[in-house]
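Colleague: Next come the chains, spelled out residue by residue.
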Amino acid sequence: MSELLLDRVADDIVAALESGLPPANEHSRLYEDLGMDSLMLMEFMHLLSERRPALGDLLLPDIVSHMADIGTLTDLLRAATQDTGPQAAQSWGTGDGTGQERAA
Amino acid sequence: MSTAVAASSVLPAPAALAVLSEPVLVTPAGPWDTVRRELAEHASVVLYAQLGDWLPESQQDEGESAQAEADSALAPLLGRDFERYRGMTNQDVRARFLASRLLLKYAAGAVLEARPADIDLAYKPGGRPYLRGCDQVDISLSHTADLLVVGVTRRGWIGVDAELDSRRLQGSAVERQICTPHETELISRIDPRRRNSTLVRLWTLKEAYSKAIGQGLRFRFTEFGFAPGAQRMQVLRPDGTPGAGDEWSFRTWTVAGDYTVSVALFDFGFGDTADIAAQTMLDEGMVDALLREARRAESHRRTTP
Amino acid sequence: MASGTTFALQAVPAHTPGTPASAAQAALLASEAAVQKRTADLEARFGDPWDTGNPLGHGPVLAADARGRVQAEGEALLEDFALNAEFVPAALGGRLVRADALARILRPVFRRDQSLGVGYGVFSLLAGASVWAAGSPEQQRWAADLLLGGGRLAVSYRELAHGNAFLRDEFRLTATGGRLVLDGTKRVIINADRAQGLVVVCRSSNEPGSQAHSTLLLDRAQLPKGRVKDLDPYPMVGMRGCRMTGLAFDDCPVPETSLLGQVGGGVELALQTFAFTRSILPAMVLAGGDTALRTALRYAEQHGVGGRPLPRNPQARRTLAGAFTDLLICDSLSLAAMRATGHHLGITGVYAAATKYLLPILLNDAVHELSVLLGSSIYVREGEFGIFQKHVRDLPVTSLGHAGAAAALSTISPQLPALARRSWSAAGTGDSALFALRQDQPALTFKRAETFADGDVLCAELLSAAAFLEQDPGLEFAAVLQPLVRLLCGELRRLRAACTTLAPLSRHCLANPQTYALADRYTLLLAAAACLGVWRHQQQGPDIFLARSGWLVSALLRICTRLGIGPLPAGAPAAEAQVFAELLRRHHKPASFDLYDSPLATS
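Protein chains in written order, with our numbering: chain A, 1 to 104; chain B, 105 to 409; chain C, 410 to 1012.
Hint data in this document are derived by calculation from the structure and do not stem from the laboratory.
One or more of the hints may lead you astray.
[Unchecked claim] Keeping only pairs whose Cα atoms sit at most 20 Å apart, straight-line, the calculated SDA-like set for lysine to any residue is:
1) B:K228 x C:L977
2) C:K638 x C:A657
3) C:K446 x C:A1000
4) B:K228 x C:G975
5) C:K998 x C:W459
6) C:K638 x C:V672
7) C:K638 x C:C661
8) C:K634 x C:R581
9) C:K446 x C:P1008
10) C:K998 x C:A453
11) C:K634 x C:D592
12) C:K446 x C:I974
13) C:K446 x C:A912
14) C:K998 x C:R581
15) C:K634 x C:Q605
16) B:K228 x C:T970
17) C:K446 x C:P951
18) C:K638 x C:T594
19) B:K228 x C:N773
20) B:K228 x C:P976
21) B:K228 x C:Q445
22) B:K228 x C:I770
23) C:K998 x C:P978
24) C:K856 x C:G755
25) B:K228 x C:Q923
26) B:K228 x C:I974
27) B:K228 x B:R188
28) B:K228 x C:G973
29) C:K634 x C:P664
30) C:K634 x C:V672
Note that the coordinates shown come from a computational prediction; the quantities given were computed from them, not determined experimentally.
Bound conformation, chain A alone (with noise of 0.2 Å):
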């Protein structure tokens, strides 16, 4: 089930991050909606850098930082590829949240 869903949240990202368009359920939250938990974090990440490895190395301390939705994580996700330091800084929004509860 929950890697069902991993699955389909990380089809949804990696095409929002081919065509530019915001990806399907932007507004789900990774913690409130879709009840990810840190291992589910982890293999997420893992499937993300799996299905486009030009996403680099993932560093969790940035994701959990800015998993807040699905839409977030994205916005996330289209700096670090274009990443240029501070540039990509203005666009990663501020949430800095609850990543221990998500962790939970």
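Dock chains B and C against chain A, hints included.
Modeller: Relative to the frame of chain A, chains B and C by itself:
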């Protein structure tokens, strides 16, 4: 001129923290006396609970109006968490969120000898829960599937984590992301049939530790490790050399048959604050002096227009 | 000696150490130029802590800590600098004029080694405060001469509610057969075994309430041998270079003249001195956070974080900027609290308690957030980055944990109902006295100040700043600042409503978690108000970075997050980028990570 006797009678034994009793199963009915006693004796206690025991009956109903009504009754109890709770669309997540908040508030109320609704459950910027204004105890929360776990300590910081024993980590992408080189080496020497349970244990220890320092997944799990099977669990550096010191203690249990539960504890070393009740926290002398002064100022105001 | 040379340039005759300073001399001691000079002098004497050849650098500090020893070279340096004179009021021949200036002068010490700062001197200062506030002229002269001669004072407080090993047990003073006798054991007293002067708060009556304690100033050399014993050092995880022993008195006669103030006046005297000591110690300790941040930044610049260099690592930059912001929040609140001591405001004790309560929380959280950047290097106890873990271990000790927080809340909670009823609704007069970080102000007198809060200038500043922002939408980041300040004003209104309903009748009515949570929220609002005050009154000031809005946006966002109020406006990244740029500038200059931007020693 030194008196060693006085010292030994006051100092906490170095291993005092490691002596923790088994996690205590709690429902809203308790046993809170046991929880208070454990905390008094061992300075820390781990509680666990079944999800179903902590859901108000209405939450298990299907009717929407019944749920809305129950929600309004929950508002004062959940405080500032209520808005977040109301915005949750995933029913499983919602139920676990509610049950774990109720458990935290009841547990805090029990150990502080206060009403659960009076407890202000707050969150650090990194998401770590704490009791606002009541740092005589530190708390930590974990929930997975049908199990809720809460850790409480009066000595320093605590982190708890729970995971299903059957959770598959061996061979998963996660395995590579969480183990230090030293751990990978140790695990490769373990009987393959026991590797997954060892990994689950490692995972919960790591989560417990990083939650105790308030960082959760932000602190990379490959930056610190443990030696599975060691007599005394301690934090190791990635190469297996000692990391953090004796101020840290760890324990792992099997709970409710199917779950691995770990706890990490940090001792500030101030010794015991035996009394942690909220009601005795204000210093009598200071408050008395300030209140007398307040009355004096008030009567002065009344007499001088 | 540094102190004399500054004044040679002035028309006022140079102040000779050990002799009472005239008002003009005192003003010069506290002038911005003199404070800068003394701070720079101490910094230069310590030298570059990162220089591996420096006998006062991080390496030797870590080595002394590993042995659990006082750092002898550091103590010798402070003796040579005559640091003790900073703890003695100018009127008694020392250099103490202003609390905020004193904290600033001590920061070079605390940046390097918190146990040196606490162990060498600060406890002499905490003890001395009782003597300056209540001592007879003879007692004051004796204590001043002791300190000016290089001696030490130790202080032992009474048992407080929820006391731990540091604040448990108390001495008992009894009058038998016309003589005063001291009994009892106190497990932890800093420097007890090497201080000639002891300030001892002891129980002098069995009655409950606030008049059951008295304070003594004892000359250790005059106490009969065999009636007082030193206890073994108390082992601690942090501050290992600090002498933490204890004392046991056994039927020990003490002279009648040793009383500081009245019999039964111990609690009132403590409240009076706490209004000064509770803000000044955290204001020094925050310099330890400076070093933790500098070490994390140094590590991140050299090694990147998670394999990604800093310029391509926005999350790491955000963490660093966040820690710098926290230090500025801490410094703003402690500045306002310390400057309040010079103005005899009734609320000084509340601000000091808020500083004592909030700073340890912010500093501990900040260093743990920074630990993410260092990864496994947080376990290293030597070498370039070993100093980080030392500050992580030392920081919690100075706050005394829960016992310290409980004591601070015991001061704040009883005053909330009256504050809510009388203050918190009217804007201030725009007085910059508490926020003008480089401006001189009236000298400390330690005389009996009102210990009960009448007005709340910080909350008034919050309301004034809100009005100021609404009037000028052209200010930098105004679109973010306005909603933030509205959120904070809304929180103040909620706090006012909640505190007005508190029954201020007795300890019993106040003593519940709801009150403590309100007090916690109040300290966060005070911190926000202090930041706003520093920023607003710096608009025409010399500190350009503080006059800009980036740090303020970042600070208010962090405070609102802690208060759990929202929704927070977007716009953090640009503000954080401004803060990070300043952090880097100061790191490379190098200069201090506090309000002052003080130059640091380089090799």
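Colleague: Tell me if the straight-line CA distance from K228 of chain B to Q445 of chain C falls inside 20 Å.
Modeller: Distance of about 36 Å is beyond 20 Å: violated.
Colleague: Run the distance test for K998 of chain C versus R581 of chain C: straight-line Cα separation, threshold 20 Å.
Modeller: 54 Å, violated
Colleague: Tell me if the straight-line CA distance from K638 of chain C to V672 of chain C falls inside 20 Å.
Modeller: 25 Å, violated
Colleague: Holds or violated: K998 of chain C and P978 of chain C, Cα atoms, limit 20 Å.
Modeller: Violated, because 33 Å separates the two Cα atoms, which is more than 20 Å.
Colleague: Starting from K228 of chain B, check that the Cα of L977 of chain C is at most 20 Å away, please.
Modeller: 16 Å, holds
Colleague: Hint check: K634 of chain C vs R581 of chain C, CA-CA at most 20 Å. Holds or violated?
Modeller: 19 Å, holds
Colleague: K634 of chain C and P664 of chain C: Cα distance at most 20 Å?
Modeller: 15 Å, holds
Colleague: Quick one, are K228 of chain B and I974 of chain C close enough, alpha carbons at most 20 Å?
Modeller: Answer holds: K228 of chain B to I974 of chain C is near 12 Å, not above 20 Å.
Colleague: For the pair supplied as a hint, K228 of chain B and G975 of chain C, is the alpha-carbon distance within the 20 Å limit?
Modeller: Holds. K228 of chain B to G975 of chain C sits at ~15 Å (cutoff 20 Å).
Colleague: For K634 of chain C and Q605 of chain C, compute the direct alpha-carbon distance and say whether it is at most 20 Å.
Modeller: 14 Å, holds
Colleague: With the threshold set at 20 Å, check whether the alpha-carbon distance from K638 of chain C to C661 of chain C stays at or below it.
Modeller: Roughly 11 Å between the alpha carbons, so the hint for K638 of chain C and C661 of chain C holds.
Colleague: So if I understand the rule, the pair passes when the alpha-carbon distance is 20 Å or less; does K638 of chain C with A657 of chain C pass?
Modeller: 5 Å, holds
Hint compliance for this structure: hints 6, 12, 13, 14, 21, 23, 30 are not met, and every other hint is.
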